[in-house]
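First to last, the sequence lines map onto chains A and B.
Quick note on the numbering used here: the first sequence kicks off at 352 and runs consecutively.
Quick note on the numbering used here: the second sequence kicks off at 352 and runs consecutively.
Honestly, the hints are just simulated from the structure, not real lab data.
The beta carbon of each residue, even a glycine, is placed where N, CA and C say it ideally should be.
Hints may contain errors.
Stated by the list, open to error - Interface residues of chain B toward chain A, partial, derived using beta-carbon atoms under 10 angstroms:
1. C373
2. A374
3. P380
4. G394
5. V395
6. L430
7. A432
8. V465
Said to hold, decoys possible - Covered stretches of chain B (chain A as the covering partner; in silico rule of three or more C-beta atoms under 8 angstroms from a C-beta of chain A):
9. 384-393
10. 467-475
11. 560-574
2 protein chains.
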Amino acid sequence: MVREQELIRWVRRRAPEAGDDCAVLDCAPWGTLLVTTDGVIDGVHLDWRRHGPEAFGYKAVARNLSDIAAMAGEPLWALIAVALPEGATEEQAHALYKGAERAGCRLVGGDTAVGPVASVVATVLGRAREGGPVLRSGARPGDWIVVSGPLGGSLESGRHMTFTPRVEEARVLRERCDVGAMIDISDGLGVDLHHVLDASGVGCRVEASRIPRNDVPLLRALSDGEDYELLATVRPGELPEGFAKIGTITENGAVLVLEDGREEPLPRAGYEHGA
Amino acid sequence: MVREQELIRWVRRRAPEAGDDCAVLDCAPWGTLLVTTDGVIDGVHLDWRRHGPEAFGYKAVARNLSDIAAMAGEPLWALIAVALPEGATEEQAHALYKGAERAGCRLVGGDTAVGPVASVVATVLGRAREGGPVLRSGARPGDWIVVSGPLGGSLESGRHMTFTPRVEEARVLRERCDVGAMIDISDGLGVDLHHVLDASGVGCRVEASRIPRNDVPLLRALSDGEDYELLATVRPGELPEGFAKIGTITENGAVLVLEDGREEPLPRAGYEHGA
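Please work from the sequences and hints to get the whole structure.
Here you go:
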């Protein structure tokens with residue numbers, strides 16, 4: 352079985368620019384270009400008949416904006432490659448493009464084909480803000496682990512189609528705090544925090560009681576995907592509104608402290624696209 | 352029915368950067384960024400079982416490289432968003448990535464999902480060479496109309512999977528000639544030349560007998576898609592090897608001079624993706 356992480360590993364072995372939330376491309380003296388591409392497919396991420404074309408356009412661009420946010424970047428431009436199902440109308444196409452536009456990034460190009468399955472692949476380009484992009488690999492022992500909002504239940508609540516990419520929150524966090532590492536929570540807190548630990552060569556101690564969560568049990572807040580909240584590590588200090596501390600970066604190990612004080616390994620479980 | 356040109360028109364009304372072979376994005380003083388995105392879908396552009404994953408990877412990137420070539424750009428980076436069919440193996444995924452790499456552009460990122468239909472959407476980023484990108488809108492009355500190679504029969508010959516994007520040819524043409532406009536022939540000579548005429552506000556006089564063609568009748572050389580040769584307009588003068596003059600840009604009208612001397616309107620007919 353092929354997994355999403357496989358392509359990422361494969362590409363990373365060949366190109367040092369790849370492997371974070373976005374590709375990081377040197378365009379000095381203009382700046383550092385951030386590029387990410389990701390799709391929404393009927394029957395995999397959304398349902399064309401149930402959710403409609405507007406949701407396809409919105410979610411495709413918003414997912415990629417979340418990747419730009421995860422590197423504290425400034426989104427600039429989006430392109431979309433659309434496959435419409437046979438018999439799609441112009442009204443449906445327009446609704447799709449409007450959804451893409453509503454996500455909040457300037458649409459500068461794209462391609463449309465008619466195919467057997469509806470899909471929208473968006474590419475978003477952005478620029479790293481002053482100080483460079485925030486990578487997954489920058490977590491330091493002693494950093495606080497913070498999240499930008501409550502987790503879990505995104506799929507059944509519909510939030511996975513309506514979430515606002517945390518571009519502004521990332522900008523503010525970067526401005527006010529000494530940020531070590533950042534990632535967006537798309538595969539689930541457990542999985543995505545492990546990505547940060549692996550990339551940074553560090554450990555963590557997460558306190559279950561501190562994880563802000565929607566109306567779901569703890570395990571769901573840890574493992575549900577598609578939250579699109581930010582997970583960051585920062586030097587201890589005052590946090591901007593909306594951010595909550597859930598633990599601390601340590602030298603090694605990945606510990607989850609349960610509400611009754613027992614300790615467990617932080618589960619790697621979660622939702623991996625394509626798994 | 353929705354057509355590919357519809358998205359392009361829709362986007363162009365909103366963003367002046369869009370509407371040519373690539374989006375043209377100002378990243379001064381680094382330069383002008385060219386970005387294009389385009390997909391290959393099972394059952395539409397290729398057949399997964401018959402042509403195999405390597406062809407999907409190659410063609411997805413090569414199509415986009417052809418768009419960079421059409422603006423005389425220098426390709427720099429590629430990303431691919433892959434949908435693999437259920438049950439795809441790691442070997443198939445690797446073959447796909449290798450095909451993408453073989454197209455000749457540095458792979459810096461991407462995404463893989465498992466979906467109901469195999470597809471690869473590639474995004475290629477490049478930089479305009481000195482003097483800026485060559486647009487579709489630059490054709491001037493008196494320019495020669497030239498093509499970079501023989502046309503027609505790409506689908507049945509298999510050339511649509513194995514073509515070499517004309518990046519080098521475009522660079523040389525730009526260096527040696529005063530190029531007005533350029534486009535790659537993906538939808539058919541008739542359609543793509545009309546794109547240039549419309550964008551430039553000019554006409555043409557094409558001599559059928561001069562159109563270099565593969566082993567196909569004239570109409571096929573005019574209307575077959577997927578040639579991925581260059582169509583350019585240049586000030587009269589010596590042409591680089593491989594380029595053939597097929598006509599002249601005029602003030603208005605679009606005339607095809609047949610081999611017996613009769614004149615006809617140049618057909619707009621051709622292969623429009625998604626039509």
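Review point. Does the structure break any of the earlier hints, and which numbers would those be?
Key: 11
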